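*Asks:* Now for the letters of each chain:
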Amino acid sequence: MSAEVREHDEQLARRLLAGEPEAFTHFIEYFRPKIFHYSWLMCGNREDAEEVAQDTLLKVFESLNQLHEPERVRPWVFRIAKNVCLMKRRRSVFAPSHELSLDELMPSKDGSSRGARLQIADWSPLPDDQMLQRELTGVLEQAIRELPEAYRSVILLRDVEALSTAETAEILEVSTDVVKTRLHRARLSLRKRLDEYLKSNRPSPVIVHQN
Amino acid sequence: MEPHKHTESCKEIFAMLSEYLNLELPLEACREIESHLADCPPCIEFTDSLRKTVDLCRQYRPAELPAPIEAQARDQLLSAWRKTLASRAV
Chain P
5 MSAEVREHDE QLARRLLAGE PEAFTHFIEY FRPKIFHYSW LMCGNREDAE EVAQDTLLKV
65 FESLNQLHEP ERVRPWVFRI AKNVCLMKRR RSVFAPSHEL SLDELMPSKD GSSRGARLQI
125 ADWSPLPDDQ MLQRELTGVL EQAIRELPEA YRSVILLRDV EALSTAETAE ILEVSTDVVK
185 TRLHRARLSL RKRLDEYLKS NRPSPVIVHQ N
Chain U
4 MEPHKHTESC KEIFAMLSEY LNLELPLEAC REIESHLADC PPCIEFTDSL RKTVDLCRQY
64 RPAELPAPIE AQARDQLLSA WRKTLASRAV
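In the order they appear, the protein sequences are chains P and U.
Per our numbering, residue 5 is the first one in the first sequence, and the count goes up by one each step.
Per our numbering, residue 4 is the first one in the second sequence, and the count goes up by one each step.
Worth double-checking, as some hints may not be accurate.
Straight-line C-alpha distance at most 27 Å; calculated DSS-like pairs for lysine-lysine [what the hints assert, rightly or not]:
(1) Lys-86/U - Lys-63/P
(2) Lys-184/P - Lys-55/U
(3) Lys-196/P - Lys-184/P
(4) Lys-38/P - Lys-184/P
(5) Lys-86/U - Lys-38/P
(6) Lys-196/P - Lys-86/U
(7) Lys-196/P - Lys-14/U
(8) Lys-55/U - Lys-38/P
(9) Lys-203/P - Lys-14/U
(10) Lys-55/U - Lys-203/P
(11) Lys-14/U - Lys-184/P
(12) Lys-86/U - Lys-92/P
(13) Lys-92/P - Lys-63/P
(14) Lys-38/P - Lys-63/P
(15) Lys-55/U - Lys-14/U
(16) Lys-38/P - Lys-92/P
Simulated restraints on C-beta separations [claimed, not checked]:
(17) Ser-6/P - Asp-78/U: 29 to 37 Å
(18) Ser-82/U - Gln-70/P: 13 to 21 Å
(19) Ala-7/P - Leu-68/U: 25 to 33 Å
(20) Asp-181/P - Pro-44/U: 24 to 32 Å
(21) Asp-107/P - Arg-85/U: 52 to 60 Å
(22) Ser-82/U - Glu-11/P: 38 to 46 Å
(23) Glu-73/U - Asn-87/P: 22 to 30 Å
(24) Arg-50/P - Pro-44/U: 44 to 52 Å
(25) Ser-38/U - Met-135/P: 32 to 40 Å
(26) Pro-44/U - Met-91/P: 48 to 56 Å
(27) Gln-79/U - Asp-107/P: 46 to 54 Å
(28) Ala-32/U - Glu-108/P: 21 to 29 Å
(29) Gln-62/U - Thr-29/P: 23 to 31 Å
(30) Glu-31/U - Glu-200/P: 31 to 39 Å
If you are wondering where the hints come from, they were derived from the structure by calculation, not from laboratory data.
The model shown is predicted, which means the values in this text are computed figures rather than measured ones.
Even for Gly, the Cβ is constructed at its ideal location relative to N, Cα and C.
Let's have the full structure, built from the sequences with the hints guiding it.
*Replies:* So, in structure tokens, the structure goes:
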């Protein structure tokens with residue numbers, strides 16, 4: 005998370021604790037879509053996501069006295085959201101629970117010498133090609149949905165919400181090593197999906213093995 | 004002999020790339036990766052695609068938005084907030 009975002013979050017929490025009416029409105033406008041997105045991608049259902057957002061915010065306001073470190077408001081809110089999601093106990097409709105294997109996520113090579121090229125797509129138009137960027141965002145969303153739940157929660161908290169490894173570990177109640185492992189595999193899995201899309205929809209000149 | 008060594012080295016780098024991109028690796032490990040990348044174009048290419056994937060994730064905002072909050076739901080939150088503030092003031 006950038007220093008500006010952290011500062012914004014902290015000030016917002018302090019103003020909320022101080023009872024500023026504008027802070028109440030801003031807090032809802034700011035965090036409600038975030039909680040909705042997280043739970044929508046975790047629960048897979050719009051109605052559940054709306055309920056999780058409301059129940060989470062209710063718990064946030066009810067237990068605001070327990071927010072002892074305003075600078076940590078974001079992980080605190082997401083920890084509540086995660087628990088509300090779990091309480092819903094609706095299993096993800098998107099993806100079965102399974103482990104992602106590192107070996108399966110490693111790209112193959114069209115040769116084994118030092119000059120060999122990986123069989124990967126041409127990513128060079130990114131990030132300048134805005135149209136491609138938008139297309140890939142749609143592919144990415146679908147790929148995130150299809151990640152096993154344990155990996156999906158890590159990518160949403162760590163990369164989308166920009167929480168730290170330690171904060172993500174605390175929210176999910178796992179070790180930092182587990183967060184790092186899951187994050188890496190989730191990223192590799194998403195990379196693979198995007199790569200497959202680029203190969204099939206944006207055929208680029210074949211890069212030939214050269215020694 | 005050489006290709007096998009190369010593949011093993013690539014695998015080691017491959018396992019550490021996210022931590023490398025997150026700047027979470029010790030200096031020594033970073034040097035090891037950078038030294039490998041300097042001599043391995045396929046790994047540079049792969050690292051670049053992973054970095055771009057991470058950038059896309061960081062910029063990603065779902066298109067789906069929640070419906071505007073209903074007055075009753077907002078009142079419920081407002082009431083909870085005021086109650087907590089009142090308990091703090093005591």
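*Asks:* If you check the beta carbons of Glu-31/U and Glu-200/P, does the distance land in 31 to 39 Å?
*Replies:* holds, 35 Å
*Asks:* Between Ala-32/U and Glu-108/P, does the beta-carbon spacing fit 21 to 29 Å?
*Replies:* The hint (21 to 29 Å, Cβ to Cβ) holds, given that Ala-32/U and Glu-108/P are roughly 24 Å apart.
*Asks:* CB of Arg-50/P to CB of Pro-44/U, is that within 44 to 52 Å?
*Replies:* The hinted range 44 to 52 Å holds for Arg-50/P and Pro-44/U, with Cβ atoms some 45 Å apart.
*Asks:* Are the Cα positions of Lys-92/P and Lys-63/P separated by 27 Å at most?
*Replies:* holds, 15 Å
*Asks:* Is Lys-38/P within 27 Å of Lys-184/P, Cα to Cα?
*Replies:* Within the cut-off at roughly 23 Å; holds.
*Asks:* Quick check: does the Cβ-Cβ distance between Ala-7/P and Leu-68/U fall within 25 to 33 Å?
*Replies:* holds, 28 Å
*Asks:* Within a Cα-Cα threshold of 27 Å, do Lys-184/P and Lys-55/U meet the stated pairing?
*Replies:* Between Lys-184/P and Lys-55/U the Cα gap is close to 18 Å, so the pair holds against 27 Å.
*Asks:* Can you confirm whether the C-alpha distance between Lys-38/P and Lys-63/P stays at or below 27 Å?
*Replies:* holds, 16 Å
*Asks:* Has the given pair, Lys-38/P with Lys-92/P, been kept, meaning a C-alpha gap of at most 27 Å?
*Replies:* Holds - the C-alpha atoms of Lys-92/P and Lys-38/P are around 18 Å apart, at most 27 Å.
*Asks:* Sort out whether Lys-184/P lies within 27 Å of Lys-196/P, counting only the CA atoms.
*Replies:* Between Lys-196/P and Lys-184/P the Cα gap is close to 18 Å, so the pair holds against 27 Å.
*Asks:* Measure nothing beyond the straight line between the CA atoms of Lys-55/U and Lys-203/P; if it is 27 Å or shorter, mark the hint as holding.
*Replies:* Since the Cα atoms of Lys-55/U and Lys-203/P sit roughly 16 Å apart, the hinted pair holds (cutoff 27 Å).
*Asks:* Does Lys-55/U pair with Lys-14/U here, judged by a C-alpha cut-off of 27 Å?
*Replies:* holds, 20 Å
Violated hints, in rising order: 6, 22; the structure is consistent with all others.
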